[in-house]
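Enquirer: We have chain P; now place chain X onto it with these hints.
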Amino acid sequence: MPAVSKGDGMRGLAVFISDIRNCKSKEAEIKRINKELANIRSKFKGDKALDGYSKKKYVCKLLFIFLLGHDIDFGHMEAVNLLSSNKYTEKQIGYLFISVLVNSNSELIRLINNAIKNDLASRNPTFMCLALHCIANVGSREMAEAFASEIPRILVAGDTMDSVKQSAALCLLRLYKTSPDLVPMGEWTSRVVHLLNDQHMGVVTAAVSLITCLCKKNPDDFKTCVSLAVSRLSRIVSSASTDLQDYTYYFVPAPWLSVKLLRLLQCYPPPEDAAVKGRLVECLETVLNKAQEPPKSKKVQHSNAKNAILFEAISLIIHYDSEPNLLVRACNQLGQFLQHRETNLRYLALESMCTLASSEFSHEAVKTHIETVINALKTERDVSVRQRAADLLYAMCDRTNAKQIVSEMLSYLETADYSIREEIVLKVAILAEKYAVDYSWYVDTILNLIRIAGDYVSEEVWYRVIQIVINRDDVQGYAAKTVFEALQAPACHENMVKVGGYILGEFGNLIAGDPRSSPLVQFNLLHSKFHLCSVATRALLLSTYIKFINLFPETKATIQEVLRSDSQIRNADVELQQRAVEYLKLSSIASTDVLATVLEEMPPFPERESSILAKLKKKKGPGAGSELDDGKKEPGAEINGGMDPSASTASTPSPSADLLGLRAAPPAGSAAPTSAGNLLVDVFSDSPAAAPGLAPGTEENFLSTGAAASVCEDPALPLSEADELLNKFVCKNNGVLFENQLLQIGVKSEFRQNLGRMYLFYGNKTSVQFQSFTPTVTYPGELQSQLNIQTKAVDPLVEGGAQVQQVLNIECLSDFTLAPLINIKFRYGGTLQNITLKLPITLNKFFQATEMQSQDFFQRWKQLSLPQQEAQKIFKANHPMDPEVTKAKLLGFGSALLDKVDPNPDNFVGAGIIQTKSLQVGCLLRLEPNAQAQMYRLTLRTSKEAVSRHLCELLSEQF
Amino acid sequence: MRGGAGPGRATGTGARGRDGRGGAMMRFMLLFSRQGKLRLQKWCVAAGERERRKMVRELMQVVLARKPKMCSFLEWRDLKVVYKRYASLYFCCAIEGPDNELLTLELIHRYVELLDKYFGSVCELDIIFNFEKAYFILDEFLMGGEIQDTSKKSVLKAIEQADLLQEEDESPRSVLEEMGLA
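Listed in order, the protein sequences are those of chains P and X. Residues -10 to 948 in the working numbering are what the first sequence spells out, letter by letter. Residues 4 to 185 in the working numbering are what the second sequence spells out, letter by letter.
Only chain P is shown next, with the shape it has when bound in the complex (with noise of 0.2 Å):
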């Protein structure tokens, strides 16, 4: 038994706790918890009615056991009870229950918002406090709807005491995040801004959390607290360190109070108003001075809590970007934490100087401690605080310095942890090409980078070289030279053979004058690794082979017999056997001419962004936050963010693309629908080489499906590919949703209402077993809590041919956007498969037809007149604007077509409901097409700005 026991001491409770820490095996424990579970059931069950106290004591019980991790499932009833009890410990350990354990329950809720409203109008604060605390814990959307309009009075009214107006405005603010559709803007908010001037500092600081948030949305309402929050920052700076006597922090003034009004200041541009503006600098200035000041105790505290203020404060000055002579002490200020005994503060100062290196007023500054930062990624002990080095280097790379960080991050690779190596190696690939002042310089950088450390060199690095290779006949000699040295060595890596394959088979002749790189050594050096890799590259390196045969005509007896010998001609992988036997036949039946021009160097590649840097930029936008972080830390990156659509279907015509022929069917291009411009495919696809089909068991991303269906770890498809499968389904159920020389996803769904249900028929093409079979649905952002999706699991066993099927059960709760993403795993022959697909959910399959008369339907229309109700695109055709076709799409769409609504017959009318579980919204559409231009008009109106937007999107992809 434990010595302290404060306040009432539920004695049976500590004995319970004492027992289960007596138990000396899980199972111990488990029946010694069943054995209460029963004991508090029979107690709930039986006639004797409970008393108050004991009530508590055996939620309180249930409590504990639910938070050692196992499941509760009764109890609740009487923890509602207990919230209506007068005694405030029943009712704290209600509330308790209630907050930690709330389920969806609805009869429940109802009577827990019965509860919670009769004590936010006893006018008892501690009982006020505790109902709102509750609302704040639980936060829920029935929570928000019942209370969401009566909190605002609370927090402004005249009477309400000091501890609820706290309580009131955090409450509020979870209630504005979880839904601020139901929080109503009016009178309230002026109120809520001028408590920026209360005189309870407590008050204030909840106050300014609230207004943070709420000024997001809506500036211009919030817009006088600028002028509030510099004021009161201003006298919580300028005074001395116990003026605010319990606010005061470690002999820091109200360090809390103060970084949330950095904060808020941070969601506006500097003050207009120059004495407003001036009184800000001042404060700023004071704050950085008094870093400089000696440190009023020797506490950790003390510092830290004086650093969270300056480094907000810097974080504000940042965020100006304007005054640079703040900007520049704010460098020289982080350039001392850089060599800070205290790690922490290294660490927050490598972290806010990458974002002050891209302001072009601190720029240099942050330049000048290079060698600092360069010492941190050599020396520092704690990885976190590398990584932040190396980000650091990243932000302050430019053409002056180019050369001596790529080769600070090339020799910190050889020793970087795994977990960070793919990001340097990526960031490498970046600088080096974008500072590239001579490309032989790029060259030596990447092959560096796949010698050092190719196990995380991703595909898209070594196609980059290889674009910019043949795009520069400057370098292309350098190129060729480097590569053969580089396999000179008696282990290099097998990315470096796909290079130096790709590169000697384009190239190889600028260095063939040479008797020690003559042509047959080059081969003999590349066949010389060839059995070590993976039938990817062996396939590459045929292709490599062939081309030796157009370039050293001396070398075709040679390579003809490697062709020609079983371990290729009769190779057990399809695409291998297949390019062998083609590749001789080519060999001995086209003559040099028709050789000469199927083989003929690659044109170069359309000047594009580099398929790296597109990645990293796509990842930068608005919203990206989480999927940068999840990018980051998985291996092998996926390939191709977005490219140039046009590069797979309008690539280069061949005059080889006849004597492909030789072939029945390119496999490449029929397998590959949906290749959007992979750089793999493009690379290959002008080649006669071609057909980077599947080959099973391979470990390389040669799915046909491009990228699609890559090993990779990465959950996001490229985004146009992903968006284009996702359309072909938006107006229709039925179908196949993926396809490779694996496997084929069926799909078929039906929905009603807000509920829909889905059959995923996933078909083994091949003749294996697939073993540990698992899909695993996941939601993007915020889809979590839009959309319930439950399925059952697949057996993990598929065999070979067979089709299992596997059931969603679909629950739409609000209106979303991303569709959720289906993840399958599977091993093929000991290799990992995994592929990421979107599944076709999208908001339009929750619209529920609505017929209407013209009447009805413009007087609906009008109502939805406010500019952010419409949303509306003008399109071309993509596809024959047929009539018909419309209409069916329009029906698959899931509206109902008015007829003689609208006064043009050409145009189409439609409306419908969205039905969601928490809202339904009202949509009604016009789709106007204009034969003549090819063109359509469509518009969109909902009473829901997100819902309009997102419908005309989906919709406006289909004809």
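Among the hints, a few may not be true.
As the list claims (entries may be wrong) - Derived contacts from chain P toward chain X, CB cut-off under 8 Å, selection only:
1) F53
2) S156
3) C160
4) Y236
5) F240
6) L337
7) V374
8) H868
9) M870
10) P872
To be verified - Heads up, simulated DSSO-like pairs for lysine-lysine below, C-alpha to C-alpha not over 27 Å straight-line:
11) P:K367 - X:K72
12) X:K156 - P:K367
13) P:K287 - X:K70
14) P:K717 - P:K851
15) P:K287 - X:K87
16) X:K70 - P:K76
17) P:K76 - X:K87
18) P:K285 - X:K155
19) P:K288 - X:K57
Read the hints as simulated data drawn from the structure, not as lab findings. For glycine and all other residues, C-beta sits at the position ideal for the given N, C-alpha and C.
Expert: Showing chain X alone in chain P's frame:
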């Protein structure tokens, strides 16, 4: 508002956070022992029970594997984790990008001070046996992931008031009666 990176200059993937300012708040707070036993969990955003357990397990592993003297901050999933060890207990907060790391560290310290003041040199056992009190104290001080009152006095006053209220309405009970019920 500034748009992140300057023209033509890509900020690294790590340069994140401070631009997405605003809704900064704590997502959750965990107290766990060196042996990986969870002692307290406070969730400030909705998350399914399974997801929570997964996150707790994962995060405990990450934090427990770190060596002393390492930085108190780390990036984890899309969050920042701020942690500090007090005797046998780890206090660990997950905050959103723009939130202030140092002040979160002091928020942990303030909570420890409050526990200490209330229990009188607090130890892990106090929190195990009086878990509900640990929750109440946290609730007085944090709400929906935002700090409610930073004054130690007013928080303690609120707690003591509550204790006073309960002493008024508790009638003493005999030990036997207790045992009979237990």
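Enquirer: Each of the hints needs a verdict: does it hold here or not?
Expert: Verification of the supplied hints:
Here the hint on F53 of chain P is kept, as its CB sits about 7 Å from the closest CB of chain X, short of 8 Å. Nearest Cβ of chain X to the Cβ of S156 of chain P: about 6 Å, under the 8 Å cut. The hint holds. The beta carbon of C160 of chain P comes within 7 Å of a beta carbon in chain X, closer than 8 Å, and the hint placing it at the interface holds. Hint on Y236 of chain P holds. Least Cβ distance to chain X is approximately 6 Å, under the 8 Å limit.
Interface hint at F240 of chain P: violated, since its Cβ lies 13 Å from the closest Cβ of chain X, which is beyond the 8 Å cut-off. Annotation: interface hint on L337 of chain P holds; nearest CB of chain X at approximately 6 Å, less than 8 Å. A cut of 8 Å between beta carbons decides the hint on V374 of chain P: the least distance to chain X is about 5 Å, and the hint holds. For H868 of chain P, the suggested interface contact is broken, since its CB lies about 38 Å from the closest CB of chain X, more than 8 Å.
For the restraint placing M870 of chain P at the interface with chain X, the shortest Cβ-Cβ distance is roughly 40 Å, beyond the 8 Å limit, so the hint is violated. Taking 8 Å as the C-beta cut-off, the interface hint given for P872 of chain P is violated, the closest approach to chain X being about 45 Å. This hinted pair checks out: K367 of chain P and K72 of chain X have alpha carbons roughly 18 Å apart, not beyond 27 Å. Of the pairs offered as hints, the one joining K156 of chain X and K367 of chain P is violated, with about 46 Å between alpha carbons and a cut-off of 27 Å exceeded.
Proposed proximity of K287 of chain P and K70 of chain X is supported: the alpha carbons are some 24 Å apart, at most 27 Å. A hinted pair counts as satisfied when its Cα atoms are at most 27 Å apart, and K717 of chain P with K851 of chain P does not qualify at roughly 32 Å. Pair hint K287 of chain P plus K87 of chain X holds up; C-alpha atoms about 19 Å apart against a cutoff of 27 Å. The suggested pairing of K70 of chain X with K76 of chain P is violated, with an alpha-carbon distance near 47 Å, which exceeds 27 Å.
The straight-line distance between the Cα atoms of K76 of chain P and K87 of chain X is roughly 37 Å, outside the 27 Å bound, and the hint therefore fails. For a cut-off of 27 Å, the pair hint linking K285 of chain P to K155 of chain X stands: about 20 Å separates their Cα positions. Distance restraint check for K288 of chain P and K57 of chain X: the Cα-Cα separation of roughly 36 Å exceeds the 27 Å cut-off, and the hinted pair is therefore not satisfied.
Of the numbered hints given earlier, the model fails hints 5, 8, 9, 10, 12, 14, 16, 17, 19; all others are met.
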